[in-house]
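Undergrad: If you want the building blocks of each chain, they are given just below.
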Amino acid sequence: MSVQTERADAAPETAVHKSGEPPGGLDAKRQRIRDNFLPYVLLLPALAVTLVFLGWPMVKNGDLSLQNINRRQLILRLTEYTGFDNFEEALKSEQFWRVVGRSIVFTGVNVILIMVISTLIGLLLARLGKTMRVTLQLALVLTWAMPIIAATTVYQWLFAQRFGVVNWTLDKLGWHSMADYNWIGSQFSAFFVITLLIVWQSVPFVALSLYAATTTIPGELYEAAALDGAGGWKSFTAVTFPFIKPFLFATTFLEVIWVFKALPQIYAISGGAPDRLTETLPIYAFVEGVGNQHFGMGAAISMLTILVLLTLTSYYLRIVLKQERDEL
Amino acid sequence: MKRSRLGRIWPNATAIVLAIGFVFPVYWMFNTALKPTGDILTEDPVWFPSHLTFEHFDTAINAPNFWTLVRNSLTVTIVAVALSLLIALSASFAIARMRFKGRRGVILVFMIAQMAPWEVMVIAIYMLVRDADMLNSLVPLTIFYMVMVLPLTILTLRNYIAAVPKELEESAMVDGCSRVQAFRKVIFPLLAPGLMATSLFGFITAWNEFPMVLILNKEDHAQTLPVWLYSFQTNFGNDWGATMAASTLFALPILILFLFLQRRAVGGLTSGAVKG
Numbered sequence: 001m002s003v004q005t006e007r008a009d010a011a012p013e014t015a016v017h018k019s020g021e022p023p024g025g026l027d028a029k030r031q032r033i034r035d036n037f038l039p040y041v042l043l044l045p046a047l048a049v050t051l052v053f054l055g056w057p058m059v060k061n062g063d064l065s066l067q068n069i070n071r072r073q074l075i076l077r078l079t080e081y082t083g084f085d086n087f088e089e090a091l092k093s094e095q096f097w098r099v100v101g102r103s104i105v106f107t108g109v110n111v112i113l114i115m116v117i118s119t120l121i122g123l124l125l126a127r128l129g130k131t132m133r134v135t136l137q138l139a140l141v142l143t144w145a146m147p148i149i150a151a152t153t154v155y156q157w158l159f160a161q162r163f164g165v166v167n168w169t170l171d172k173l174g175w176h177s178m179a180d181y182n183w184i185g186s187q188f189s190a191f192f193v194i195t196l197l198i199v200w201q202s203v204p205f206v207a208l209s210l211y212a213a214t215t216t217i218p219g220e221l222y223e224a225a226a227l228d229g230a231g232g233w234k235s236f237t238a239v240t241f242p243f244i245k246p247f248l249f250a251t252t253f254l255e256v257i258w259v260f261k262a263l264p265q266i267y268a269i270s271g272g273a274p275d276r277l278t279e280t281l282p283i284y285a286f287v288e289g290v291g292n293q294h295f296g297m298g299a300a301i302s303m304l305t306i307l308v309l310l311t312l313t314s315y316y317l318r319i320v321l322k323q324e325r326d327e328l
Numbered sequence: 001m002k003r004s005r006l007g008r009i010w011p012n013a014t015a016i017v018l019a020i021g022f023v024f025p026v027y028w029m030f031n032t033a034l035k036p037t038g039d040i041l042t043e044d045p046v047w048f049p050s051h052l053t054f055e056h057f058d059t060a061i062n063a064p065n066f067w068t069l070v071r072n073s074l075t076v077t078i079v080a081v082a083l084s085l086l087i088a089l090s091a092s093f094a095i096a097r098m099r100f101k102g103r104r105g106v107i108l109v110f111m112i113a114q115m116a117p118w119e120v121m122v123i124a125i126y127m128l129v130r131d132a133d134m135l136n137s138l139v140p141l142t143i144f145y146m147v148m149v150l151p152l153t154i155l156t157l158r159n160y161i162a163a164v165p166k167e168l169e170e171s172a173m174v175d176g177c178s179r180v181q182a183f184r185k186v187i188f189p190l191l192a193p194g195l196m197a198t199s200l201f202g203f204i205t206a207w208n209e210f211p212m213v214l215i216l217n218k219e220d221h222a223q224t225l226p227v228w229l230y231s232f233q234t235n236f237g238n239d240w241g242a243t244m245a246a247s248t249l250f251a252l253p254i255l256i257l258f259l260f261l262q263r264r265a266v267g268g269l270t271s272g273a274v275k276g
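Heads up: the protein sequence lines correspond to chains F and U, in order. According to the working numbering, the first sequence is numbered sequentially starting from 1. According to the working numbering, the second sequence is numbered sequentially starting from 1.
Excised from the complex, chain F in its bound form (with noise of 0.2 Å):
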């Protein structure tokens, strides 16, 4: 998702290949029967990959979601077809829609978070003198850079229930009853720590990237701005917003999609607790499948899942193609 929205060079390259070859003659025909099949030779390896090791375990996902498979059928290596039992099943449970509802809400709290907040740090980047953009900078690439399941270790601390220094500092603060507080011992103040740490991760790529976008702005727009008499809201909302607007939106797009699917952060953090309040749709699946040992259903949940995140992927692309006509 590039943010140069008018590239100039929108016209596909002319092939390399058509260059001074004399028609006629054996050779030249076996040459251009050989330039004709190079491309798709070139990309059988990786179409090949992909097909089978991205597109086998779908089907196969598609193939246990029809069936019972739990314990025993598993080790017995039985295959019990049941229709769409399982769909159905999943569909009329109360459970499953609670689950639902719970990933829509939590996606949506987070992705406005991490919107809101990059937008405003990426524009302040745009503001600052040098040193304190470096500063600001490197603490955001720092962030960027620390692997999932080591952010996760390193809030599990930071929110320990003792010695932990959240819980501490809540405590000199004078919220004494937070001293020993036990975080994931409810649902909202484990989805507090989750979205903390989702947002936390998530912020610096998306502020980054927005003022990096806000850089290739022509100053000669915001010259013009300022002439009419325009002060700093209203160039932002004339020169600045219409700029980013759709970097803003491919990105709230994919945001969602990964926040959506954010596993390892909720896994790691809650493990579901507690009482499974803090499961999500892929964390539902992956109990249910894995941990429950209620595989065919687990896969009918991931089915499900992976439904609502190709309706997301398919306008998330549509977007992208929109502005970028030369992408393909």
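Since the hints were made in silico from the structure, they are not lab data. Note that CB positions come from ideal geometry on N, CA and C, so glycine has one too. Among these hints, one or two may not hold up.
Said to hold, decoys possible - Distance condition first, Cα-Cα at most 30 Å in a straight line; then the derived DSS-like pairs of lysine-lysine:
| no. | chain 1 | residue 1 | chain 2 | residue 2 |
| --- | --- | --- | --- | --- |
| 1 | U | Lys101 | U | Lys166 |
| 2 | F | Lys29 | U | Lys185 |
| 3 | F | Lys322 | U | Lys166 |
| 4 | F | Lys60 | F | Lys92 |
| 5 | U | Lys218 | F | Lys29 |
| 6 | U | Lys101 | F | Lys322 |
| 7 | F | Lys234 | F | Lys245 |
| 8 | F | Lys130 | F | Lys234 |
| 9 | F | Lys60 | U | Lys218 |
| 10 | U | Lys166 | U | Lys185 |
| 11 | U | Lys101 | U | Lys185 |
| 12 | F | Lys245 | F | Lys130 |
| 13 | F | Lys29 | U | Lys166 |
| 14 | F | Lys234 | F | Lys322 |
| 15 | F | Lys245 | F | Lys172 |
To be verified - Non-contacting residues of chain F with respect to chain U, defined by C-beta distances greater than 12 Å in every case (computed):
| no. | residue |
| --- | --- |
| 16 | Tyr40 |
| 17 | Phe87 |
| 18 | Lys92 |
| 19 | Ile217 |
| 20 | Glu220 |
| 21 | Leu221 |
| 22 | Gly232 |
| 23 | Phe243 |
| 24 | Asp275 |
| 25 | Val308 |
Starting from the known structure of chain F, fit chain U onto it as the hints suggest.
TA: Below, chain U without anything else, positioned relative to chain F:
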């Protein structure tokens, strides 16, 4: 138009607060990993440890299987990234430089593949790998990681190849190079930065991957570092010093790579739409 004093101060003040807020968890990881246990489990946190110790790193490194898992992680990651670079190089050359029927479709396939919800497909992958009797092996992990990072590798590399002026290649061919030679001698050297940036993101993805290895490789000797780190806390309980030392060991290679390659990478990244 001169800004007021306040107008000059608040952006800097906000920036400092934000920088501290973002860096703090990373700092706290290093801080905890490096201070003696007596300074970790205290009534009041020790913000700036007076003396440093490597005892926690000792504990982490001497944990059972540590070096096996390091080897596993490195093997899986490096092989997966190298293979995907190799495959991507030929594919992205075709996409960037040639015109053929179905080109748009091919790009679309990779764009969709890049968004593939691997996290949600682990159950099916588990079944496939089990049926092939390959549980607790590094081979399926390597293959799936390779496929996982491949689409992004192709889409990013394509931009780097397209950025190399076509005339360079053409003049090499006029001078008598074959197409393969032109690629090897002209394009390839110019691609070095692109290859580095691309492999960085592949490396991060494969190094971080967690759900798949969690379910496929349950045996201790076949796991990778993310699972080790995830279970470290379970194994070591409240030994936060050792846990943070383990996190540090896991994060350090990525932090270093990232700081070195970040500037180049951001460009490639924004064009490929990834998150580390």
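Undergrad: A separate judgement is required for each hint: does it hold in the structure or not?
TA: Outcome of the hint check:
1. Annotation: proposed proximity of Lys101 (chain U) to Lys166 (chain U) holds, straight-line Cα distance about 21 Å (limit 30 Å).
2. Distance check on the hinted pair: Lys29 (chain F) and Lys185 (chain U) sit about 27 Å apart at the alpha-carbon level, within 30 Å; holds.
3. Distance restraint check for Lys322 (chain F) and Lys166 (chain U): the Cα-Cα separation of roughly 27 Å lies within the 30 Å cut-off, and the hinted pair is therefore satisfied.
4. Between Lys60 (chain F) and Lys92 (chain F) the CA atoms are separated by roughly 24 Å; this keeps the pair inside 30 Å, and the hint holds.
5. Of the supplied pair hints, the one linking Lys218 (chain U) and Lys29 (chain F) is violated, its CA atoms being roughly 56 Å apart against a limit of 30 Å.
6. A threshold of 30 Å between alpha carbons decides the hint, and for Lys101 (chain U) with Lys322 (chain F) the separation of about 21 Å falls inside it, so the pair holds.
7. At most 30 Å may separate the alpha-carbon atoms for a hinted pair to count; Lys234 (chain F) and Lys245 (chain F) meet this at roughly 15 Å.
8. For a cut-off of 30 Å, the pair hint linking Lys130 (chain F) to Lys234 (chain F) stands: about 25 Å separates their Cα positions.
9. Distance restraint check for Lys60 (chain F) and Lys218 (chain U): the Cα-Cα separation of roughly 22 Å lies within the 30 Å cut-off, and the hinted pair is therefore satisfied.
10. Among the hinted pairs, Lys166 (chain U) with Lys185 (chain U) is consistent with the structure: their alpha-carbon atoms are about 14 Å apart, no more than 30 Å.
11. Simply put, Lys101 (chain U) and Lys185 (chain U) have alpha-carbon atoms about 28 Å apart, close enough for the 30 Å limit, and the pair holds.
12. The straight-line distance between the Cα atoms of Lys245 (chain F) and Lys130 (chain F) is roughly 26 Å, inside the 30 Å bound, and the hint therefore holds.
13. Using a Cα cut-off of 30 Å, the hinted pair Lys29 (chain F) and Lys166 (chain U) holds, with the two alpha carbons roughly 24 Å apart.
14. Annotation: proposed proximity of Lys234 (chain F) to Lys322 (chain F) holds, straight-line Cα distance about 28 Å (limit 30 Å).
15. Straight-line distance between C-alpha atoms of Lys245 (chain F) and Lys172 (chain F) comes to about 42 Å, which puts the hinted pair past the 30 Å bound.
16. Chain U draws Tyr40 (chain F) into its interface by the beta-carbon criterion, the shortest separation being 7 Å against a cut-off of 12 Å.
17. Distance check on Phe87 (chain F): its Cβ is at least 15 Å (rounded) from any Cβ of chain U, clearing the 12 Å threshold; non-interface status holds.
18. Once the 12 Å rule is applied to beta carbons, Lys92 (chain F) is consistent with being away from chain U; the minimum gap is 21 Å.
19. At roughly 15 Å from the closest C-beta of chain U, the C-beta of Ile217 (chain F) stays outside 12 Å, upholding its exclusion from the interface.
20. Non-interface call for Glu220 (chain F) relative to chain U: holds, since the shortest CB-CB distance, roughly 17 Å, exceeds 12 Å.
21. Consistency note on Leu221 (chain F): stated as away from chain U, and its beta-carbon is indeed over 12 Å from all of that chain's, at 17 Å minimum.
22. A beta-carbon of chain U is positioned within 12 Å of the beta-carbon of Gly232 (chain F); the least distance is around 9 Å.
23. The beta carbon of Phe243 (chain F) is kept farther than 12 Å from every beta carbon of chain U, the shortest such distance being approximately 15 Å.
24. No beta-carbon of chain U comes within 12 Å of the beta-carbon of Asp275 (chain F); the shortest separation is about 20 Å.
25. The claim that Val308 (chain F) is not at the interface with chain U is violated, since a C-beta of that chain comes within 12 Å of its own (minimum 9 Å).
In this structure, the earlier hints numbered 5, 15, 16, 22 and 25 are contradicted, and the remaining ones agree with it.
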